[in-house]
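Asker: One-letter residues, chain by chain:
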Amino acid sequence: MNFSSPEFRVKVGLAEMLKGGVIMDVTDASQAKIAEDAGAAAVMALERVPADIRSEGGVARMAAIEKIDQIMQTVSIPVMAKCRIGHIAEARVLETLGVDFVDESEVLTPADEENHVWKHDFKVPFVCGCRNLGEALRRIAEGAAMIRTKGEAGSGNIVEAVRHLRAVRRELRRLGTLEGEELIPAAKELQAPFELVRYVASEGKLPVPNFAAGGVATPADAALCMMLGAESVFVGSGIFKSEDPARRAKAVVKAVTHWREPQVVLEASRGLEGAMRGLDIAKLTPEEMLSRRGW
Amino acid sequence: MGSNGRRVGVLALQGDFEAHARALAARGVSAVEVRDPDDLDGVRGLVLPGGESTTMLTLMEGSGLRERVSELVRGGLPVLATCAGLILLAREVRHPAQASLGLLDAVVDRNAYGRQIDSAVVALEVCEPGELGADRLEGVFIRAPRVREVGGDVRVLARYGDDPVLVRQGSLLAATFHPELSPGSPVIDLFARTVGRRE
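These protein sequences, in sequence, are chains A and B.
Just so it is clear: in the first sequence, position 36 is 134 by my numbering, and no numbers are missing.
Just so it is clear: in the second sequence, position 118 is 171 by my numbering, and no numbers are missing.
Here chain A stands alone, though its shape is the one from the complex (with noise of 0.2 Å):
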């Protein structure tokens, strides 16, 4: 594992300057310029947002290629973009057509259900999904320069990112406990490569910025993401699936900010119109949940 290459340092260099940032899905232009507006520090492309995937169902694949397109000759910031797992040639579009992250996601429906992308031959960075520490190295081996705790995508509901979130903290709490020689069984466990289970052992934390995703709907959601750990959020359906979009997109941007601030918080979530509906976790069925897409 080289992560002292120039092309890796780009990549998660690149996921560096996101840290602190809301990334924002968007489905077309309008919604791209209403979240730069807002203060996003990137946005999404995709052809419709998680909240919409569930309840129409249906194969869901890459966005159109002139949808990405507009999206990208509106705004300034970054624009990512999201292949299905395994979906190497979409991967491949993605990078040609010049994203500048390509999310390979769970909310998509698989292309592969055994192998990822493997992320190392592409110049364009790759940010993947994980539940737990084990899945979120194994991206990493296969070249992931960002990692995001995968919640439950379009559900408007916090706990599976809570879940997410407070595993892998648990795990490389745990991971610091150990001596070497217990290191070996370790990796064994969490399925992982040796040489990066040693290096989040000795580092505390994973080698790349972990973000947070999956179920945020409202600044205090985003802000609890922050508390947990995360460095940055992304949010999906929430802001274009609530009955106020800028402002939501605002009031968001600012509580991961100053999440340390409950007082900003407060003032940020004071006068929202409705939050998106959501969804009970315990009425999905397993096939339901996007989460348990890839291992």
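Just so you know, not all the hints are guaranteed correct.
Stated by the list, open to error - Residues from chain A shown here face chain B by an in silico Cβ test under 10 Å; the list is partial:
hint: 1; residue: Ser102
hint: 2; residue: Leu116
hint: 3; residue: Gly137
hint: 4; residue: Val173
hint: 5; residue: Ser174
hint: 6; residue: Pro176
hint: 7; residue: Thr194
hint: 8; residue: Val197
hint: 9; residue: Asp198
hint: 10; residue: Ser330
hint: 11; residue: Lys352
hint: 12; residue: Arg358
Derived from the structure by calculation, the hints contain no laboratory data.
For glycine and all other residues, C-beta sits at the position ideal for the given N, C-alpha and C.
On the provided structure of chain A, position chain B as indicated by the hints.
Answerer: Quick look at chain B alone, frame taken from chain A:
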């Protein structure tokens, strides 16, 4: 002197402020994260980090932070600005045009070298090795801005091709690249010498 003692403020609204704080700590300089005007009380230097300049501008509005930063910089506070930080300081920002603090006599084009796939680590030409204390310099460029014009009071310390990439104007030191992401960068050393070591 305020509650921050002899620390250096790092604007922490968004961006790679932690990388800057780590780089300063490695040189014995302690940093304080700046999100509100009060956080600037008593600082002996200020870092404007990389990140998204549009986001930083939006978050500076209405809090008085923008005015306080301008006042301190005009008063001669040592400043290190990298990438988005340089864009914030510039006299004029183009491509697309946006507001700025107008404290550095330079005209800057945003994202002028292309998108992320054009980002790279390159060797720079040092124009003032005596002042920089080094004759070799690495430049980590990430969606970098391009300095198109500089005023008479601006000295160019390093170039990439014809473009100025490290400039100095009075107490301001500004780079279009990210010295905070190059271990042992002489640019951070120079800034650390300017603000002095912690006692």
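Asker: Would you mind marking each hint as holding or not holding in the structure?
Answerer: Here is how each hint holds up against the structure:
1. Taken as an interface hint, Ser102 (chain A) checks out: its beta carbon lies about 9 Å from the nearest beta carbon of chain B, inside 10 Å.
2. For Leu116 (chain A), the shortest C-beta to C-beta distance to chain B is roughly 8 Å, which falls under 10 Å, so the interface hint holds.
3. A hinted interface residue such as Gly137 (chain A) counts as satisfied when its beta carbon comes closer than 10 Å to some beta carbon of chain B; here the least separation is about 4 Å, so the hint holds.
4. Taken as an interface hint, Val173 (chain A) checks out: its beta carbon lies about 9 Å from the nearest beta carbon of chain B, inside 10 Å.
5. The interface hint given for Ser174 (chain A) holds, since its Cβ lies 6 Å from the closest Cβ of chain B, which is under the 10 Å cut-off.
6. With a cut of 10 Å, the hint placing Pro176 (chain A) at the interface with chain B holds, because the nearest CB-to-CB distance is about 7 Å.
7. For the restraint placing Thr194 (chain A) at the interface with chain B, the shortest Cβ-Cβ distance is roughly 9 Å, inside the 10 Å limit, so the hint holds.
8. Here the hint on Val197 (chain A) is kept, as its CB sits about 8 Å from the closest CB of chain B, short of 10 Å.
9. A cut of 10 Å between beta carbons decides the hint on Asp198 (chain A): the least distance to chain B is about 4 Å, and the hint holds.
10. Hint status for Ser330 (chain A) relative to chain B: holds, with the closest Cβ pair at about 8 Å, below 10 Å.
11. Here the hint on Lys352 (chain A) is kept, as its CB sits about 7 Å from the closest CB of chain B, short of 10 Å.
12. Against a cut-off of 10 Å between C-beta atoms, the interface hint on Arg358 (chain A) holds, since the closest Cβ of chain B lies about 8 Å away.
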